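S.K.: Below, each chain spelled out in residue letters.
There are 2 protein chains.
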Amino acid sequence: MRLITEVASAAGIKEEHLELYGKYKSKLAPSLWAELKHQPDGKLVLVTAMNPTPAGEGKTLTTIGLAQAMNAAGVRTVAALREPSLGPCLGMKGGATGGGKAQIVPADEINLHFTGDIHAVTSAHNLLSAMIDNHMFQGNSLGLDPQRIVWKRVMDMNDRSLRNIVTGIGDGNGTVRESGFQITTASEIMAVLCLCSDLADLKQRLSRILVGYDHAGQPVTAQAIGAVEAMTALLKEAVKPNLVQTLEGTPVIVHGGPFANIAHGCSSVIGTRYALKLGDVVVTEAGFGADLGAEKFMDIKCRQAGLAPSAAVLVVTVKSLKYNGGVRKEELHQGNQPALLSGLSNMERHIENLRKFGVPVLVALNHFEGDAPAEVNEVLEACGRLGVPAAVSKVWAEGSAGGQELAKELMKLLDREEPVQYAPLYEDHLDIPSKINRIVTEIYRGAGVAFSPAAKRSLAIIDRLGLHHLQVCMAKTPYSFSDQPRLLGAPEGFTMGVRDITLSLGAGFAVVITGNIVTMPGLPAKPAAEGILVDEDGVISGLE
Amino acid sequence: MRLITEVASAAGIKEEHLELYGKYKSKLAPSLWAELKHQPDGKLVLVTAMNPTPAGEGKTLTTIGLAQAMNAAGVRTVAALREPSLGPCLGMKGGATGGGKAQIVPADEINLHFTGDIHAVTSAHNLLSAMIDNHMFQGNSLGLDPQRIVWKRVMDMNDRSLRNIVTGIGDGNGTVRESGFQITTASEIMAVLCLCSDLADLKQRLSRILVGYDHAGQPVTAQAIGAVEAMTALLKEAVKPNLVQTLEGTPVIVHGGPFANIAHGCSSVIGTRYALKLGDVVVTEAGFGADLGAEKFMDIKCRQAGLAPSAAVLVVTVKSLKYNGGVRKEELHQGNQPALLSGLSNMERHIENLRKFGVPVLVALNHFEGDAPAEVNEVLEACGRLGVPAAVSKVWAEGSAGGQELAKELMKLLDREEPVQYAPLYEDHLDIPSKINRIVTEIYRGAGVAFSPAAKRSLAIIDRLGLHHLQVCMAKTPYSFSDQPRLLGAPEGFTMGVRDITLSLGAGFAVVITGNIVTMPGLPAKPAAEGILVDEDGVISGLE
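Heads up: the sequence lines are chains D and B, in that order. Reminder that position 299 of the first sequence reads as 299 in my numbering, one-by-one numbering, no gaps. Reminder that position 125 of the second sequence reads as 669 in my numbering, one-by-one numbering, no gaps.
In case anyone wonders, no lab produced these hints; they're calculated from the structure. These numbers were taken from a predicted model, which means no experiment stands behind them. Every residue gets a Cβ at the ideal spot worked out from N, C-alpha and C, and that includes glycine. Check the hints yourself; a few may be wrong.
Stated by the list, open to error - In silico EDC-like links for lysine to aspartate or glutamate, alpha-carbon gap of 20 Å or less:
id, chain 1, residue 1, chain 2, residue 2
1, D, K203, D, E237
2, B, K567, D, E237
3, B, K1000, B, D975
4, D, K203, B, E1074
5, D, K23, B, E560
6, D, K23, B, D824
7, B, K581, D, E15
8, D, K277, D, D537
9, D, K277, D, D415
10, B, K956, B, E559
11, B, K747, D, E6
12, B, K873, B, D915
13, B, K567, D, E6
14, D, K23, B, E550
15, D, K412, D, D431
16, B, K567, D, E15
17, B, K956, B, D824
18, D, K203, B, E559
19, D, K37, B, D1081
20, B, K696, D, D415
21, B, K696, D, D537
As the list claims (entries may be wrong) - Just the calculated beta-carbon pair ranges, DEER-fashion:
id, chain 1, residue 1, chain 2, residue 2, range
22, D, K356, B, M545, 13 to 23 Å
23, D, L425, B, G714, 48 to 58 Å
24, B, L969, D, R2, 48 to 58 Å
25, D, R2, B, E722, 50 to 60 Å
26, D, E15, B, D1081, 14 to 24 Å
27, B, A941, D, E178, 46 to 56 Å
What the hints assert, rightly or not - Partner residues are not named here, just some residues of chain D that face chain B (Cβ under 8 Å, in silico):
id, residue
28, Y21
29, R160
30, G226
31, L414
32, R416
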């Protein structure tokens, strides 16, 4: 690892603009923005994926490896990534810093507390929660209806026991009511942190957060609770982007990490903007497959931030193609040409979808050791038939050397003469049901939408409060275009069931809940935490 | 503010041993210890207080001001303080970084997230909590009795609604059971962090933590749950002490912050040891009045760490003397000589008590603007009659200049020829009831102890498990020597009621609960959070 001061220096950042966290992590001070803001932006490249297997397809890995490869090819490139959440690191997933020769470092520190941003979100969120219950305890002058508090509490831990709880039990402990915890990355404050443009915008967004309704059915916001300034104080460091490096010394901005179902699943706007000033190319990623991640990246993040992506890289794997062709996950290591061919329908649809946003697409076949050459050729040939550039990526095994071909194809795409005509899928002025319908029919290819009674009641509130200008944030299974995880490939004709619609007024979107969305994961029978070891010098192993 | 690198350099710390958190905070790397450990220790001075008014007597302020004054007088002095907890900062108390011209800086960052130590304690604690419930969910091979889980969850927030909760409600969410949250500073992990000598000892202590009992009544530890290594990983940065400075550039180690009732209320052993290598004199403090703070400092912290204090500074105020003489807090600004004289009994008893530990005492009269000269003289004359050195401290108004006299008296005390004969009050080999009795009769001056049925059941468990070697950690009101907050002055003859005894096996003590001890504070009608403001440059006001 190089010192972060050296990485910064190579990226043109003077040491005075660094706020160091140890020797290998730094926050970027607002003074840097004052220096950078008049410089031209680099080109923004989104790394997204086809519908994944439960093991994931390697978007983070590919993002890191591609940034390394671009730098190796002489293009000043910065990666912009999400911060790993502690809960999943200690639970099912392990770390989230890439792997092999395409990693960001120091991996264990990034995976654990990093620079404390997620802890700050937890604190700000739970301060608001405590002030809501305290408001009711101290006389409830706002007339908050304890049955209609929508603001829960959060913790960055996988803890299913906290999903549904009863609080306030006992004498003098407040109002007894049902509540629950979400994981911190599901907090609206995380979405707000990632969508705001600066501290003033952060404060504005926090003030709009809906915490519940009063007895007359009127909305009550964080502003009314009196929590906004203190929440801003708690977040004032978290809003500054973090700089780290890859194993090859490529600068990476790792900042923010909202859920990809009930939130938009992208790293921060502020971090992306810094990256665009520092790199001629910025490679970033969005959560889940392109049906969720890329759609929200285009329709929410880029729209709100005024960003215009120049290209999208679609990560596919032989495994996920076979999975989408119907192979069970236990049998994915076996060859199965018919399933592979069948699963290509999933890739093809994602390519079509991405093109609907006016953005050129490049397929990255993330190579695994067990992939047969025939399988790899099958995928590349299919891409040829579809007229989409494609390259095999071996960045896990080889780092930048394994990403050369991918980088070359990306440079060709970025150097095209015809201008990129990015546009979001739907216009802001449409009403919420129309926006949902547009996504369901044009991206998911369902026949239509069925709203549950609860969703209809929520739509009535949206009508009454005049909130149709909001964007929609789809909360859906990542495994299928539909709301049914086992409907793989390229399904059509299904009806999308909308179970409920909730309001993230600070983030600026309505969350459309389909299927059974879990916002507080549980631990597995053998949590990743049990495999972690620390030696006497504090060196951690088993967290990757 | 000087750069922390400069403060460190002046204290003899090379930059290579710093792990910076921004420009004004740093962790001290273990490599520094390797360099320091063979150097001789400075002299350790405890700042403690008489029984306080609800506003507190200014121990932190006096500690900071005294360290500044000692440095101004040419004695290389380092202060060692506790980290402020976010909950009280946003709740009742506001910040905890001193005040006036005796402050540690950057105050707002120290008061908010600082270097993330308390967040790390929260994460480690709640990981264990989640793994306990997950263990039961996944088949409960240890046979944990859900009715006898003693390990709760923690949050660094004042949130009364979380004191008593029911968790695990709903299908697939685990075992429905009663539980609750404590504030993080009440976590045994905070006590463990503050008492451990290094990472290996931390791990040992974590492994001993009692989480509950199995259906056969046998204890179950964190080790059995499989959480210890991951908890250690989460704490590996938190265990490193933090360096900041006072307004006058005096180096201060701020590290750890356990509760002063159900824990021992002292800053970390590791931090104190570093300070003793860096300063010829180290000034440190302990929570609450001397009956709790100093007793635990002597009997728990110094004993476990093998530290020998050289002097104790007893902070008194005219207000607290009048308060102990029976004046209500609303009338403390008025003169009242009879009450002042009556309240001196409280000061006198603390002086007697401190001398029982073999440590010489110095009284610091923390001066407030409204104190009448006659009142001040009354206190100094009383100290003269008692043969105890005393000085007026005006460090709030004047910084080191206002602490000159106090520093001079302290130097006289430290330069005495006769050796200090520090000894703890009770021997480890006594049984738990005898240890409690010794404290109650010799420090509190009660007539005896009455154990509740619950306490007797706990004593039976202590018998059965052979745990009488533990130290005792008294959880008692800070306002009185007795267990009754309104029994002020120097009460005698009362019986101390012990409501329960809980086991902190990692910290190495049995917590003796008297009266109604709240381990999760609530917010007041007007939380301190509501008075905080942040401007567009991120400058915070209203947090002091």
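S.K.: A separate judgement is required for each hint: does it hold in the structure or not?
M.R.: Consistency of the hints with the structure:
no., hint, verdict
1, D:K203 with D:E237, "holds, 13 Å"
2, B:K567 with D:E237, "holds, 13 Å"
3, B:K1000 with B:D975, "holds, 14 Å"
4, D:K203 with B:E1074, "holds, 14 Å"
5, D:K23 with B:E560, "holds, 10 Å"
6, D:K23 with B:D824, "violated, 30 Å"
7, B:K581 with D:E15, "violated, 33 Å"
8, D:K277 with D:D537, "violated, 39 Å"
9, D:K277 with D:D415, "holds, 19 Å"
10, B:K956 with B:E559, "violated, 35 Å"
11, B:K747 with D:E6, "violated, 35 Å"
12, B:K873 with B:D915, "holds, 15 Å"
13, B:K567 with D:E6, "holds, 17 Å"
14, D:K23 with B:E550, "holds, 17 Å"
15, D:K412 with D:D431, "violated, 39 Å"
16, B:K567 with D:E15, "holds, 11 Å"
17, B:K956 with B:D824, "holds, 14 Å"
18, D:K203 with B:E559, "violated, 37 Å"
19, D:K37 with B:D1081, "holds, 16 Å"
20, B:K696 with D:D415, "violated, 58 Å"
21, B:K696 with D:D537, "violated, 30 Å"
22, D:K356 with B:M545: 13 to 23 Å, "violated, 54 Å"
23, D:L425 with B:G714: 48 to 58 Å, "violated, 36 Å"
24, B:L969 with D:R2: 48 to 58 Å, "holds, 54 Å"
25, D:R2 with B:E722: 50 to 60 Å, "holds, 52 Å"
26, D:E15 with B:D1081: 14 to 24 Å, "holds, 21 Å"
27, B:A941 with D:E178: 46 to 56 Å, "holds, 52 Å"
28, Y21, "holds, 6 Å"
29, R160, "holds, 5 Å"
30, G226, "holds, 5 Å"
31, L414, "violated, 36 Å"
32, R416, "violated, 41 Å"
This entry does not satisfy hints 6, 7, 8, 10, 11, 15, 18, 20, 21, 22, 23, 31 and 32, going by the numbered hints stated previously.
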